[in-house]
Amino acid sequence: MTWRNQTRVRAGMVALLALLAAALFAVALLSGSPVRADEHRGSIEDVDYASPLEVMLSPDGARLYVLCQQSEEVRVLDAATYAVIRNITVGRVPRGFSLSPDGNRLFVANSWDDTLSVIDTTALSVVATWPVGSEPSSVVEDQAGGRLFVANRISNDVAVLDAQTGAEEKRLLAGRGSSYLALSPDGARLYATHVYPNASPHRTAPESEITVIDVARAVVVDRMPLHAIAGVFHTAFSTDGRLGVTAEFHPKNLVPLAHLEHGGAFEDTLTVFGADVGKPVEVPLDELERYASQPFGVAIAPDKSRIYITSGGSEVVTVVDVQRLLRFIHAHPAPFVQDLSASANYVVARIAVGHNPRGLTLTRDGRTLFVANRLDDTISVIDTRTNRVASTIALAGPKIVTARRHGEQTFYTARQSFQGQIGCANCHIDSTFDGLTWNLEPDGFGRSIVDNKLLEGVKDTEPYKWTGTNPNIPTECGPRTEKYFWRSENYDDLTLADLAFYVLTMQTRPNRWKLPGNELTPPQERGKAIFDRTVDKFKKPIPEYNRCSYCHSGPKGTNQKLFDVGTRKPTDNGSLLKAAPLTEIALTAPYLHDGSARSLEEIWTVYNPEDKHGRTNDLTKDELNDLIEYLRTR
Amino acid sequence: MKKFLITVLLAAAGSTVFGAPAPSAPPQVAAARQVPAPQMPEFRFENFTTANGLPDNHVFAVLVDGDRIWAGTENGLAVYENHSWKTYTTKDGLAHRAVLSLALDRRTGDVWAGTMAGLSRISGGRIDSFTQLNSGLSNDVVYGVSVEGENVWVATAAGGCRLNLRTGQWTLYNERNTPMVEIWTYGVSATPTKVYYAVWGSGVLEYDQKSARWDKYDDPDGENEMVLFKDQGLIHEIVTSVSYVDNILWAATYFGDSRYDGRYWHNFLTKDSGLPSNFTNFIKGVDAKRAWFCTDKGLAYFDGVNWAVYRPSSKDGKPEMTVRDAQGKVAPIAVTSAPAHNYVLGIDFQGDDIWVATAKGLSHGIRQQK
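Going line by line, the protein sequences match chains L and S.
Every number in the numbering used here is 16 more than the matching position in the first sequence, counting from 1.
Every number in the numbering used here is 21 more than the matching position in the second sequence, counting from 1.
Read the hints as simulated data drawn from the structure, not as lab findings.
Cβ coordinates follow ideal geometry from the N, Cα and C atoms, glycine included.
Hints are not guaranteed to be accurate.
What the hints assert, rightly or not - In the PhoX-like style, the derived pairs of lysine-lysine whose C-alpha atoms are separated by at most 25 angstroms in a straight line are:
#1 S:Lys350 with S:Lys310
#2 L:Lys555 with L:Lys628
#3 L:Lys555 with L:Lys637
#4 L:Lys268 with L:Lys499
#5 S:Lys231 with L:Lys530
#6 L:Lys295 with S:Lys112
#7 L:Lys186 with S:Lys231
#8 S:Lys251 with S:Lys310
#9 L:Lys320 with L:Lys475
#10 L:Lys186 with S:Lys215
#11 L:Lys475 with L:Lys499
#12 S:Lys107 with L:Lys295
#13 S:Lys391 with S:Lys310
#14 L:Lys295 with L:Lys268
#15 L:Lys499 with L:Lys553
#16 L:Lys320 with L:Lys295
#17 S:Lys237 with L:Lys637
#18 L:Lys556 with L:Lys544
Stated by the list, open to error - One side only, chain S facing chain L, incomplete, derived with CB under 8 angstroms:
#19 Asp131
#20 Gln153
#21 Asn155
#22 Ser159
#23 Leu193
#24 Arg388
Construct all of the structure, not just a fragment, from the sequences and the given hints.
In structure tokens form, the structure reads like this:
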């Protein structure tokens with residue numbers, strides 16, 4: 017069954033559910049209370065999808081390995097018949113995998129339990145589980161088989177491990193949100209990318225990098241700057257090593273989101289580099305009316321004739337003719353990234369695939385391309401000679417589309433927006449955040465610069481927006497988003513309800529600063545005492561509104577009320593801001609409503625001169641450090 | 022700040038101070054010797070100044086990183102590689118133009134630079150800076166930095182700090198949680214077993230990595246800043262630099278230097294050693310026996326028995342090397358080059374060669390084999 021047929025079946029089911037939801041909605045309207053998106057689904061949500069994220073072929077091409085994020089497995093398929101050979105359970109929320117050079121071992125990065133699963137590809141079983149850094153997202157072994165490199169998203173580094181024992185040797189500083197690794201064909205260099213921009217001054221263009229590691233010495237030898245890029249994903253190399261290609265987001269967050277013509281909020285681009293290119297060049301994938309939203313996976317044909325890029329939002333694979341691309345680059349001095357007529361010179365096909373296509377891999381002869389469609393549990397099999405989907409492999413698992421699944425599909429797709437430019441996941445990468453500040457039109461051009469917030473744990477933290485003007489998630493995700501972001505037709509009620517349901521039921525990642533059993537370290541304990549205090553160091557009572565524990569009370573760290581914390585800027589329309597939740601606060605720099613504080617420290621060392629944002633100016637530096645250590649556990 | 026101000030003031034005084042300082046009780050140079058002088062390392066010095074690529078002649082610190090040489094100057098962080106200099110400034114993200122201290126993370130190749138306005142990490146060409154406002158760093162004036170394992174130890178004008186690179190946690194050390202009386206920390210030397218802080222006016226602070234406990238070494242009688250009897254304890258409370266190597270602590274002060282083996286102290290003064298001056302800016306141990314002393318009147322080397330001093334002559338500025346043997350006899354050694362200046366602020370080793378930071382240039386001492 018192709019994904020289109022599946023979609024039709026699903027559409028029928030969705031229509032049925034839509035009637036039910038519409039009835040619920042009507043009842044809710046009649047009763048005078050808004051629809052609670054999280055109240056209209058039951059145990060049907062407990063189903064586990066496979067959610068294939070990455071695919072890879074064995075060196076002999078006989079097996080297709082599929083990394084399934086939600087079912088937390090590596091599924092091993094016969095690459096010819098697609099029959100299941102074995103399903104191997106790995107750790108929590110696996111995000112990346114790779115084979116050893118000899119193909120005998122398969123390494124899986126389990127992003128939520130901070131481990132590597134080591135799979136013996138002969139026995140097809142996990143033979144070791146090694147602890148690694150925070151949120152491992154990609155793993156690569158060097159060609160000598162001596163070292164493993166692991167990209168850790170939360171600790172922003174690439175860990176170097178002994179490939180035989182898993183013992184960690186050291187960690188190399190990478191970009192913020194270090195996530196994806198690619199080894200050069202000669203094995204000499206490792207290229208690491210990252211999903212959140214590195215720190216840069218407030219309201220300046222985001223800066224990212226490709227971290228280049230000398231594999232033999234295991235040290236960083238270069239950082240290729242990616243100016244104005246935030247969100248960098250997979251890198252691929254031609255077999256001769258002369259061409260490298262990286263998929264990335266190019267946000268336009270410094271200008272008001274006033275229109276969506278010519279790629280309003282984002283451009284979807286590649287950075288191409290290497291001897292064939294010369295100086296690295298950023299090239300657009302978008303056309304004027306067709307976008308390649310959320311580029312993620314990249315593969316280069318063995319004969320270097322084509323580049324294939326998945327776009328998770330547009331649900332396509334874009335095919336680039338390499339020779340035409342190189343001719344264009346050499347004939348047109350950069351920058352031309354904002355010229356959306358450029359891609360017509362080198363994009364030769366856009367192949368529709370399934371929901372949220374991510375990882376992809378080519379057969380050794382380059383004739384077949386496998387694409388993992390994460391949100392409909394299929395693998396598209398593309399004939400690269402015709403650039404058509406030859407077949408679709410349906411992975412075993414539930415065939416129903418639950419409300420949450422439909423909501424997640426809605427979250428990632430760009431179909432809803434004008435010209436299919438963007439989806440929720442553009443600004444909420446992997447359902448988190450983007451580390452950027454934005455200038456949204458509804459508040460006025462140049463007015464109310466806002467920091468993008470984390471979505472994890474948003475349930476029961478209403479009202480939403482920094483100014484608290486959206487009473488609930490359906491309002492936040494619905495009319496406001498439709499009007500100001502999508503600029504297209506509204507969601508139907510069921511889709512909006514499902515989207516809200518997905519957002520409200522997102523799981524929160526394990527907090528990496530908490531000790532097992534949620535005990536606190538001595539600094540965290542001291543910090544908690546400061547957080548909870550009611551009198552300052554001079555024994556003077558702290559007014560309720562000026563205590564950390566009052567405004568940031570409850571399990572989410574917000575009492576959901578508005579306060580003036582003295583951070584109003586000339587560009588702000590008001591001074592009242594909602595007490596922000598503290599969920600995973602350590603991860604979400606920058607801080608404050610406009611992102612002006614680059615670190616937690618700056619909230620108080622720079623932006624709290626009058627003690628309006630809590631009584632803190634009586635604290636010593638070490639006491640402030642303690643308070644921050646506690647906050648990082650939230 | 023004191024060190025910075027003093028060095029700036031002395032530099033500003035120019036040749037009056039640096040060019041022709043009065044020798045402090047110089048030992049008598051033997052006119053004719055019956056026995057040859059001890060064999061001490063000889064160098065041909067090549068000097069770098071603004072004339073050949075250094076961004077500033079005032080070099081506070083030098084660090085050898087394989088074939089690369091890092092120089093912390095008053096006007097940027099310079100790196101010498103493939104026979105040319107490149108300078109990092111605040112435009113590149115450096116916390117401040119004046120770089121006071123340097124340390125190398127030998128595992129990762131990252132360089133840490135202590136500046137007058139924060140701590141900078143240079144990694145693969147990217148610079149991230151930590152300040153007292155944007156991080157847990159206790160104070161922006163960073164006199165010393167040392168990397169050991171996952172921890173970066175920092176000496177600041179408001180106590181010591183430890184940054185755990187794995188967790189990002191800052192731990193501050195000051196009068197509230199250590200025996201530190203003054204919090205003006207001047208230097209730090211971190212090893213897997215011990216961490217030592219040089220504290221201005223508060224002696225030497227010792228942190229035991231295993232027990233996580235602090236100890237303190239200072240004036241033995243607790244009343245005077247200076248030791249009253251030779252080798253009774255740390256020579257002076259105003260400690261400028263520490264170096265811990267082979268279980269031996271080498272400590273420098275502005276009033277002489279000390280060596281401590283965990284039980285016994287041995288102190289060095291101009292009157293009883295080959296030190297050219299009691300005013301020592303920086304000290305670096307080679308091993309348990311040998312150490313280099315960076316003083317305001319030249320660079321000194323102690324091999325456990327004998328001393329050698331390298332400097333431009335205090336009389337006429339001509340290159341000078343003297344060797345002092347165990348009996349205190351001093352012999353001149355004919356040399357054709359000397360460090361760029363006799364006000365020496367730092368040293369590091371590159372095989373048999375040395376690199377020397379001075380108030381008026383950076384010097385590469387190329388070992389001469391006889």
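Checked hints:
1. S:Lys350 with S:Lys310: holds (20 angstroms)
2. L:Lys555 with L:Lys628: holds (18 angstroms)
3. L:Lys555 with L:Lys637: With a Cα-Cα distance of about 19 angstroms, the restraint between Lys555 (chain L) and Lys637 (chain L) holds, given a limit of 25 angstroms.
4. L:Lys268 with L:Lys499: holds (18 angstroms)
5. S:Lys231 with L:Lys530: Answer holds: Lys231 (chain S) to Lys530 (chain L) is near 23 angstroms, not above 25 angstroms.
6. L:Lys295 with S:Lys112: Distance of about 23 angstroms is within 25 angstroms: holds.
7. L:Lys186 with S:Lys231: holds (21 angstroms)
8. S:Lys251 with S:Lys310: holds (19 angstroms)
9. L:Lys320 with L:Lys475: Given pair Lys320 (chain L), Lys475 (chain L) is violated - Cα atoms ~48 angstroms apart, limit 25 angstroms.
10. L:Lys186 with S:Lys215: holds (21 angstroms)
11. L:Lys475 with L:Lys499: Given that 25 angstroms is the threshold and the Cα spacing comes to 23 angstroms, the pair holds.
12. S:Lys107 with L:Lys295: Cα-Cα ~21 angstroms, so holds.
13. S:Lys391 with S:Lys310: Status holds; Cα separation ~23 angstroms.
14. L:Lys295 with L:Lys268: At roughly 23 angstroms apart (the allowed maximum being 25 angstroms), Lys268 (chain L) and Lys295 (chain L) satisfy the hint.
15. L:Lys499 with L:Lys553: violated (49 angstroms)
16. L:Lys320 with L:Lys295: holds (19 angstroms)
17. S:Lys237 with L:Lys637: Judged against 25 angstroms, a Cα distance of about 23 angstroms means the pair holds.
18. L:Lys556 with L:Lys544: holds (19 angstroms)
19. Asp131: holds (7 angstroms)
20. Gln153: This hint holds: Gln153 (chain S) lies near chain L, its Cβ roughly 7 angstroms from the closest one there, short of 8 angstroms.
21. Asn155: holds (5 angstroms)
22. Ser159: Since the shortest Cβ distance to chain L is 5 angstroms, the answer is holds.
23. Leu193: holds (4 angstroms)
24. Arg388: Since the shortest Cβ distance to chain L is 26 angstroms, the answer is violated.
Going down the numbered hints, you'll see the structure goes against 9, 15, 24, while the others check out.
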